[in-house]
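Participant: If you read the protein sequences in the order shown, they are chains H and Z. Under my numbering, the residues of the first sequence are numbered 6 to 523, in order. Under my numbering, the residues of the second sequence are numbered 2 to 177, in order.
Since the hints were derived computationally from the structure, they do not count as laboratory data. Only a predicted model underlies this, so the values are computations on that prediction, with no experimental measurement involved. Be aware that a few hints might be false.
Distance condition first, Cα-Cα at most 30 Å in a straight line; then the derived DSS-like pairs of lysine-lysine [unchecked claim]: (1) Lys109/H <-> Lys143/H; (2) Lys64/Z <-> Lys4/Z; (3) Lys132/Z <-> Lys68/Z; (4) Lys315/H <-> Lys325/H; (5) Lys143/H <-> Lys63/Z; (6) Lys146/Z <-> Lys64/Z; (7) Lys143/H <-> Lys129/H; (8) Lys3/Z <-> Lys153/H; (9) Lys153/H <-> Lys63/Z; (10) Lys130/Z <-> Lys109/H; (11) Lys146/Z <-> Lys276/H; (12) Lys14/Z <-> Lys254/H; (13) Lys325/H <-> Lys485/H; (14) Lys68/Z <-> Lys143/H; (15) Lys492/H <-> Lys481/H; (16) Lys276/H <-> Lys68/Z; (17) Lys92/Z <-> Lys254/H; (18) Lys276/H <-> Lys64/Z; (19) Lys158/H <-> Lys64/Z.
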Amino acid sequence: MAEITGAEALIESLENENVEVIFGYPGGSVLPIYDELYDADIRHVLIATAYMDSVPLVAITGQVPRPLIGGDAFQEADITGITLPITKHNYLVKDVHDLPRIIKEAFYIASTGRPGPVLIDIPKDVTTDTLDFTYPQKINLRGYIPPKSADVKHLREAAQLILKSERPVIYAGGGIIISDAAGELLSLAETIMAPVTTTLMGKGAFPDNHPLSIGMPGMHGTKYANYAIQESDIVIAVGVRFDDRVTGKLESFAPNAKIIHIDIDPAEIRKNIRVDVSIVGDAKTALLRLIGLVKESQPRTDPWLDRINKWKQEFPLQYKKDGLKPQYVVESICELYPDAIITTEVGQNQMWAAQYFRCTRPRTFISSGGLGTMGYGFPAAIGAKVGVPDATVIDIAGDGSFQMNSQELATTVQNNVPVVVAILNNGYLGMVRQWQELFFEQRYSATIIEDSVDFVKLAEAYGALGLRVERPEDVKPTLKEAVGSCKPCIIDFIVERTENVSPMVPAGAAINEILDLE
Amino acid sequence: MKKHTLSVLVENKPGVLARISGLFSRRGFNIESLAVGVTEETSISRITIVVSGDDAVLEQVKKQLNKLIDVIHIAELSPYDSVSRELALIKVEVDTTTRSMVMQIVDVFRARIIDVATDSLIVEVTGSKGKIASIQRLLSQFGIKEMVRTGKVALHRMSKTAADTIPEKLQKPEEE
């Protein structure tokens with residue numbers, strides 16, 4: 006067989022992994038790879054966010070030629086060193102013969118167990134070296150054995166606790182979505198008649214319009230989700246990591262409850278919180294088995310559900326409907342496009358999206374959770390639209406966050422990716438402003454960004470559609486115009502400037518100490 | 002705070018130590034000492050790490066280490082089922098009158114003199130942390146010019162090999 010170059014081997018290997026789209030950016034050291042690629046799509050990649058939120062991602066970077074490594078060559082960066090703490094694993098390819106094996110391993114590591122990003126750094130001269138190419142069939146990683154089945158003994162203990170419970174709460178996160186376990190979650194909830202709270206990363210894992218749904222927990226969650234957790238006698242936590250934005254003050258979290266924690270990553274068990282029963286394994290398998298163990302039971306949760314429904318009526322999510330309110334924009338998007346894929350930027354826009362967009366399916370709400378990476382939503386929307394071309398994709402954005410990656414407008418126009426960016430424009434870095442208002446005597450240091458840019462003209466400058474809305478009655482017609490245009494589009498919603506995200510648990514407080522904000 | 006000795010088998014590859022030390026620093030774990038060397042199986046290195054912390058910290062250290070792809074196996078070694086040693090080289094100031102006194106102390110501790118100069122000796126001593134501290138204290142009266150010591154190394158008492166601790170099917174990389 007004829008020898009091929011490292012760059013050709015890379016492309017062949019990616020084809021072996023069924024890669025359809027590559028997002029990237031060319032430069033000197035990756036020229037041989039781009040020469041092979043010629044007509045791929047382009048996207049900026051956010052790796053640390055992928056690590057925190059367990060996103061399977063393989064990133065390929067170009068390095069200076071091997072003889073120059075360590076000599077501070079032009080554009081040399083120790084990218085494997087830099088990304089050590091924010092990747093699941095990374096590689097520096099030193100020999101072209103290792104390349105097929107490394108790519109095979111990288112895809113395996115990124116997508117199995119608790120998923121995460123894997124980076125492969127390839128020196129330029131490795132991409133031009135040649136090899137006899139065969140793609141390996143087997144993987145041999147003696148230090149990496151992702152957990153498979155859940156422990157039966159612990160599942161029985163969990164089932165016992167559930168059967169005795171009168172006030173259960175299911176606390177479900179991104180792990181449900183990663184493991185495709187939404188069906189099993191629904192089935193468990195309906196079997197034991199337990200209310201379900203979904204985290205930001207778990208939004209879509211359980212239908213927001215289901216009677217057992219109690220919305221999001223934590224800092225900007227619903228009051229009834231927080232009250233339910235605090236009053237519960239058992240918390241069934243699945244695919245979650247007890248983030249501080251969810252738990253508030255750890256010592257007062259679910260004080261009367263036994264905690265069952267199901268997660269594929271053993272390091273998550275007891276990392277932040279005491280656990281009574283831990284089950285390490287895939288959420289889907291674990292839930293299926295758990296359902297089998299509790300399905301004969303007769304739920305005794307009617308009084309509990311009555312209490313929760315009273316809280317729902319007494320403490321609904323609400324806002325004053327005067328002027329153009331950001332919450333109203335989100336509600337309108339939800340009403341017109343309930344099946345859309347929603348991405349969010351970070352900050353107030355993200356919380357309003359989480360509160361007021363009612364998801365019914367997994368993988369339709371894409372947001373940067375653990376790191377709160379500003380600028381995430383727009384490139385994520387482009388990725389979603391390329392991946393699911395038939396879906397309506399809407400980025401719910403803030404005027405601050407959107408500007409972190411607004412240059413990607415060029416990508417949407419050049420590649421004809423018709424996503425809609427709904428900017429909730431309040432002229433502030435709103436979430437920080439909200440904290441300054443509440444905790445720093447309204448000293449708005451460095452958060453006022455009023456009139457920083459004309460988003461309509463910005464869109465037009467790139468060849469996209471730019472629209473502006475200043476009155477509530479124009480919200481829905483303009484959304485229809487934007488989606489109907491089938492062009493990349495920005496809608497600049499000039500919303501009430503000082504609207505706060507409410508309710509709110511102050512940092513460090515117990516989650517039942519949740520306040521309404523004006 | 003309680004001290005724990007971990008014996009960690011890792012892939013013998015460049016960069017593995019950086020992965021481990023980086024993990025300790027960013028998660029706020031304390032390393033008391035650390036020693037690395039290749040095992041009888043040349044593709045595997047053994048890292049002996051002494052960490053301090055309560056049981057919850059130890060649990061996290063072990064679990065987080067396990068998540069590293071290049072970490073093959075972790076064992077906690079207790080003083081009862083393992084043997085451990087540290088080594089120190091101590092350069093002691095001597096003159097004609099103190100040389101014999103130093104040599105007496107060296108004898109008592111079953112240490113060795115491995116270099117002799119006109120005005121100094123280098124003493125090699127192995128043993129526990131406590132033993133090394135004792136000889137150091139005794140020698141300090143003569144004046145210690147320089148000193149170097151290793152981290153603790155430790156081995157399980159049972160007659161197994163490094164490769165034995167790895168699940169059988171994963172023992173050796175398959176030949177292509």
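Participant: Now, for every hint given, state plainly whether the structure supports it.
Facilitator: Results of checking the hints against the structure:
Simply put, Lys109/H and Lys143/H have alpha-carbon atoms about 9 Å apart, close enough for the 30 Å limit, and the pair holds. The hinted pair formed by Lys64/Z and Lys4/Z meets the criterion: a straight-line CA distance of about 17 Å does not exceed 30 Å. Proximity of Lys132/Z to Lys68/Z is assessed by CA-CA distance (about 36 Å); at most 30 Å being required, the pair is judged violated. Using a Cα cut-off of 30 Å, the hinted pair Lys315/H and Lys325/H holds, with the two alpha carbons roughly 22 Å apart.
The suggested pairing of Lys143/H with Lys63/Z holds, with an alpha-carbon distance near 28 Å, which does not exceed 30 Å. With a C-alpha separation of about 42 Å, the suggested pair Lys146/Z and Lys64/Z falls outside the 30 Å cut-off, and the hint is violated. Between Lys143/H and Lys129/H the alpha-carbon distance is near 27 Å, which keeps this suggested pair within the 30 Å criterion. Pair hint Lys3/Z plus Lys153/H does not hold up; C-alpha atoms about 33 Å apart against a cutoff of 30 Å.
For a cut-off of 30 Å, the pair hint linking Lys153/H to Lys63/Z stands: about 19 Å separates their Cα positions. Using a Cα cut-off of 30 Å, the hinted pair Lys130/Z and Lys109/H is violated, with the two alpha carbons roughly 46 Å apart. Proximity of Lys146/Z to Lys276/H is assessed by CA-CA distance (about 46 Å); at most 30 Å being required, the pair is judged violated. Of the pairs offered as hints, the one joining Lys14/Z and Lys254/H is violated, with about 42 Å between alpha carbons and a cut-off of 30 Å exceeded.
This hinted pair checks out: Lys325/H and Lys485/H have alpha carbons roughly 25 Å apart, not beyond 30 Å. Between Lys68/Z and Lys143/H the CA atoms are separated by roughly 21 Å; this keeps the pair inside 30 Å, and the hint holds. A threshold of 30 Å between alpha carbons decides the hint, and for Lys492/H with Lys481/H the separation of about 17 Å falls inside it, so the pair holds. With a C-alpha separation of about 14 Å, the suggested pairing of Lys276/H with Lys68/Z holds against the 30 Å cut-off.
For the suggested pair Lys92/Z and Lys254/H, the alpha carbons sit about 54 Å apart, so the restraint of at most 30 Å is broken. For the suggested pair Lys276/H and Lys64/Z, the alpha carbons sit about 10 Å apart, so the restraint of at most 30 Å is met. For the hint linking Lys158/H to Lys64/Z, the alpha-carbon distance of about 21 Å falls within 30 Å, and the restraint holds.
Taken one by one, the earlier hints fail for this structure at numbers 3, 6, 8, 10, 11, 12 and 17, listed in ascending order.
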